[in-house]
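There are 2 protein chains.
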Amino acid sequence: MRQSQLFTKTRKEAPSDEVAKNAQLLIRAGYVYKVMAGVYAYTPLGLRVLENIKQIVREEMNAIGGQELIMSSLQKKSTWEMTGRWDDEVVDVWFKSQLKDGTEVGFGWSHEEAIIEMLQQYLVSYKDLPINVYQFQTKLRNELRAKSGILRGREFVMKDMYSCSLDATQHDAFYNATIEAYKKIYSRLGIGNDTYVTFASGGAFTKFSHEFQTICDAGEDVVYLHREKNIAVNEEVLNDEHLESLGIKREELEKVTTAEVGNIFNFGTHKSEQMDFSFTNEHGEKQFVHLGSYGVGITRAMGVIVEKFADDKGIVWPASVAPFAVHLLSLGEEAKTEADALYTELNSRGVEVLFDDRAEVSAGEKFADADLLGMPLRVVVSKRSLEAGGYEVKGRAESESKVVSKEELLSSLHA
Amino acid sequence: MRQSQLFTKTRKEAPSDEVAKNAQLLIRAGYVYKVMAGVYAYTPLGLRVLENIKQIVREEMNAIGGQELIMSSLQKKSTWEMTGRWDDEVVDVWFKSQLKDGTEVGFGWSHEEAIIEMLQQYLVSYKDLPINVYQFQTKLRNELRAKSGILRGREFVMKDMYSCSLDATQHDAFYNATIEAYKKIYSRLGIGNDTYVTFASGGAFTKFSHEFQTICDAGEDVVYLHREKNIAVNEEVLNDEHLESLGIKREELEKVTTAEVGNIFNFGTHKSEQMDFSFTNEHGEKQFVHLGSYGVGITRAMGVIVEKFADDKGIVWPASVAPFAVHLLSLGEEAKTEADALYTELNSRGVEVLFDDRAEVSAGEKFADADLLGMPLRVVVSKRSLEAGGYEVKGRAESESKVVSKEELLSSLHA
Chain A
14 MRQSQLFTKT RKEAPSDEVA KNAQLLIRAG YVYKVMAGVY AYTPLGLRVL
64 ENIKQIVREE MNAIGGQELI MSSLQKKSTW EMTGRWDDEV VDVWFKSQLK
114 DGTEVGFGWS HEEAIIEMLQ QYLVSYKDLP INVYQFQTKL RNELRAKSGI
164 LRGREFVMKD MYSCSLDATQ HDAFYNATIE AYKKIYSRLG IGNDTYVTFA
214 SGGAFTKFSH EFQTICDAGE DVVYLHREKN IAVNEEVLND EHLESLGIKR
264 EELEKVTTAE VGNIFNFGTH KSEQMDFSFT NEHGEKQFVH LGSYGVGITR
314 AMGVIVEKFA DDKGIVWPAS VAPFAVHLLS LGEEAKTEAD ALYTELNSRG
364 VEVLFDDRAE VSAGEKFADA DLLGMPLRVV VSKRSLEAGG YEVKGRAESE
414 SKVVSKEELL SSLHA
Chain B
14 MRQSQLFTKT RKEAPSDEVA KNAQLLIRAG YVYKVMAGVY AYTPLGLRVL
64 ENIKQIVREE MNAIGGQELI MSSLQKKSTW EMTGRWDDEV VDVWFKSQLK
114 DGTEVGFGWS HEEAIIEMLQ QYLVSYKDLP INVYQFQTKL RNELRAKSGI
164 LRGREFVMKD MYSCSLDATQ HDAFYNATIE AYKKIYSRLG IGNDTYVTFA
214 SGGAFTKFSH EFQTICDAGE DVVYLHREKN IAVNEEVLND EHLESLGIKR
264 EELEKVTTAE VGNIFNFGTH KSEQMDFSFT NEHGEKQFVH LGSYGVGITR
314 AMGVIVEKFA DDKGIVWPAS VAPFAVHLLS LGEEAKTEAD ALYTELNSRG
364 VEVLFDDRAE VSAGEKFADA DLLGMPLRVV VSKRSLEAGG YEVKGRAESE
414 SKVVSKEELL SSLHA
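As they're listed, the protein sequences go chains A and B.
First residue of the first sequence: 14, per the numbering used here; consecutive thereafter.
First residue of the second sequence: 14, per the numbering used here; consecutive thereafter.
Warning: the hint list may mix true and false statements.
[As the list claims (entries may be wrong)] Derived pair list, reagent style DSBU-like, types lysine-lysine, alpha-carbon separation capped at 35 Å:
hint, chain 1, residue 1, chain 2, residue 2
1, B, K321, A, K89
2, A, K67, B, K220
3, A, K196, B, K67
4, A, K140, B, K109
5, B, K220, A, K89
6, A, K113, B, K242
7, A, K396, A, K22
8, B, K220, A, K113
9, B, K197, B, K321
10, A, K140, B, K140
11, B, K140, A, K379
12, B, K160, A, K90
Everything labelled a hint here was simulated from the structure, so no lab data went into it.
Chain A extracted, bound-state conformation (with noise of 0.2 Å):
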C-alpha cells in the first residue's frame, strides 16, 4: 500500500487523557483512533494487525478441531437467569436496554450461557460430542475504568470456545490440547517465551483455573513464578495450601507484573446442570455435558505486543502479527523510478509492503514514521543507497543498517 494513499497520519504527541503506552503509541502511529474512554476503532492498519492475529488465532483453533461461529450481541434476559448472572450485583459489567415493548435485553459481556442454550437445539445424543465451537466476537463491558488503552476496554475483540464433552475424560484431552494450542498461539504472536501457564482460582467445580500471563509491566496482574520447574502462580491463589499441593516454596518465587492474554475453564458439569444441559448418554439415561471455556483477548494480546517490544521510538511488531513486511521508504527524486519498480516487484511477488511514496515530506520525518509504525524491515531506496550498490535494510529491532543488492532483498525475503 501507497502511504500517500493512506488517510491516516502520524503524530508526535498521544491525546493528554490517554495513560497507556499501548494506547499513546497506537494512536501516534494511526493503528487506532480513541472514540471514548475504553473504546476505539481500528484504522486500516490497525484492522491488518488484529485480523493477523485472529488468523493465528483460527488456524490453531481449527487444527484441534474448533468450528467457527459467530453468536449475537444482544442477549436475551432469560438465558442469563438461568444460572444468576442476569443480575447486575453478580455480574456488574452489563451493558442493558429495552426494546420497544419494554423487554430488558442485554449486550454480551460473554457468550457461555447463550452458546449452551444455542446447543441445546442440537445436542441429543452422545454420538453427537465431543462439539468444540469458537467465535471472534465484540464484547462489551461496562468497566467502572478503563485505563490500559486496549489491555481492557469497554468494546474488545475476544476468541471465545466452548467445549463440550461427554465425560471428564474427553473433557481433559480437549483441555489439554488447548493449553497446547495456546502455547502456540502465544509463541506465533512472539511473546511465548514470557508467556505462563498460570494456576489460578477455578470457581465452583475446580480448585484452579489455568491462565495465560505474559510478563509486561503495563499488566494488571501479579504472578509468582518458579523459572525452574516452570510453575507459575497467580496471586490470587498463592497459599501455603497451593504452594504445598504444587511442590513449590513461597522463597523460590519471582514476582511479576503481567497481563493476562488467555484463559481456560473447567466448568465441570455445573454450569450445564444449571442450565439442564444434557445428553442420552449409550444406557439411555439423562447425563449433563462436560463443559469447557477457553478465551484469548485478541485486541488484548496486540496490546501487549506493543507494551513488550516497543522502543523509545515506537512500536516493534513481530513479523507474524506485523500489517506489512516491509516499509519501503523513497528518499529524494533521483530514488524514485528504482523504487516505484521495487515496490511493483514485491507487490508481484506477495510481499506485503508499505511504500512511502510521499513527495513532500523529509527523510527524517519518513525515518520517524517507519520507527513509529514499526514495521520489521525497513527498506531505503536512495540516491546513497544506489551508489552503494542497492538498498538500505534494516530490522527494526535491530540498531545498524547494510547496503544490500536487489537479488539479495528478494532472496531474503523469499526464505
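Following the hints, complete the assembly by docking chain B onto the known chain A.
Same frame as chain A, now just chain B:
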C-alpha cells in the same frame, strides 16, 4: 468438512414463531440460530456464507480504492448531537445504555457521524482527499417489529462505506464508480439480473438517492420498473414531476415488490457543515468536504438469495456464496472406501467439500438434507454409481443426475 463432525442438525419444522421463508429455511438447514425476534447467530455453515459474501464485497470495495477499517459499536452522545440524530424522536431505532458514572452511550445503528468525527482528526489539506473508507459492522437497531427473518434484523451485518471528496466532481466520480462496483457485487452474488439501480428519496442535499432493489416477494419495498429504459423508481418518489424529469410515463411502468440490498447517498456538504468537517483548499481557504455513504446489507443479501432461489425442497446457493462447492454423499458400506478417497482427493485439490459420511443415516435422509442445505453440486458415491462407472452428480438447480467418471468430475471442478 465431514458432516458427522458438524454439530448442527437439519430439522423438519421451523420454529412456530418464525414466519419468514428465509429464516425458516436457514434455521431448518442449520445455517442460523434464532436468539430472539430479529436476532440470529450464524453457525459454522452460516458464517461461511456470510464470509463469502463479505469477501466479494471487500474485493470490489478495494478495487475502487476503499480502505477497510472497523469502528466501534459504542457511540458518544456528543457525536450524534451535532446533527440532531441522538434524539429518539429523530432516530427511533437507538439502543441506549449508560456508563457507571451515568454517561449515556448509544450502540451504533449507523456510523456516519462517528466516521466523520474520526476523520476530522486526520484531514487537514485538500491533498489528503479523496478518502474512501468502509467497514463490515454489526449494526444494532431497535426495530419495533422484526418479522422478516434476516432481511430486517435488530442485529445485522452491513458494509458501510463513506467517501470524502474535494468537490462535486471528485464526489461524482467516486459515486459513479461505486454504482458500477455494486453492479459487479450483485452480479457476483447471483442476483444481478433482478437488481435495479432505483431512484429513491434523497434527503437534504439531492432530489434522489440511489437504492439497489432486488425483485423479491419477501421484500418490503415497492418499485416501479421501466424495463426497456432500465429505470426503476421507488414508490416513495413516484410523482408526475419526477417521472417527467426521468422521461418516463406512469403507464409504462411495472409494479414489483423488492428488497433493498444496497443504497448510496450523496450528502453533498450538508452533514460536513453540521459537523464542521472541513479542509484547507489550495487557496488556503476553509472548504467543506463532499460526503457520500454507501451501504450493502450483508446478512440481508444472504436472506434475499435464499428467498429468490429456494425451491420446495430447500435452499439453492449460487456457487459464489455457497459454504461448500460440493456436497459429497457416501451411500452404503460398499461405497465408503471410494467416497473417503474422493473426499481426500478433492480436499487436496482445494475443492471445498461437505462430506456426508454419516453411517447411520438413510440414503433418503441424505438426499433430503442435501436439497435442504443447497450446495451447488451433489456428488453421490454408491454401489450403484460405482457399478455404472463412477459418481452420480447433479446440480442443485437441475432435475436430472448423470454418472461421470472420477476424471470427468475432477476436470469439471477444476475448470
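Hint by hint, here is what the structure shows:
Proposed proximity of B/K321 and A/K89 is supported: the alpha carbons are some 31 Å apart, at most 35 Å. This hinted pair does not check out: A/K67 and B/K220 have alpha carbons roughly 44 Å apart, beyond 35 Å. Between A/K196 and B/K67, the direct Cα distance comes to roughly 31 Å. Compliance with the 35 Å bound is thereby established for this hinted pair. With a CA separation close to 44 Å, the supplied pair A/K140 and B/K109 exceeds the 35 Å bound.
Among the hinted pairs, B/K220 with A/K89 is inconsistent with the structure: their alpha-carbon atoms are about 42 Å apart, more than 35 Å. A C-alpha spacing of about 43 Å is found between A/K113 and B/K242, which places the hinted pair above 35 Å, so the restraint is violated. Restraint check for A/K396 and A/K22: the C-alpha separation of about 26 Å stays at or below 35 Å, so the hint holds. A distance of roughly 32 Å separates the Cα atoms of B/K220 and A/K113; the hinted pair therefore holds under the 35 Å criterion.
Pair hint B/K197 plus B/K321 holds up; C-alpha atoms about 18 Å apart against a cutoff of 35 Å. Restraint check for A/K140 and B/K140: not satisfied, since their Cα atoms lie roughly 63 Å apart, outside the 35 Å limit. Taking the CA atoms of B/K140 and A/K379, the gap is about 18 Å. The hint holds against a cut of 35 Å. Our distance criterion of 35 Å between C-alpha atoms is met by B/K160 and A/K90, whose separation comes to about 21 Å.
Consistency note: the structure conflicts with the earlier hints numbered 2, 4, 5, 6 and 10.
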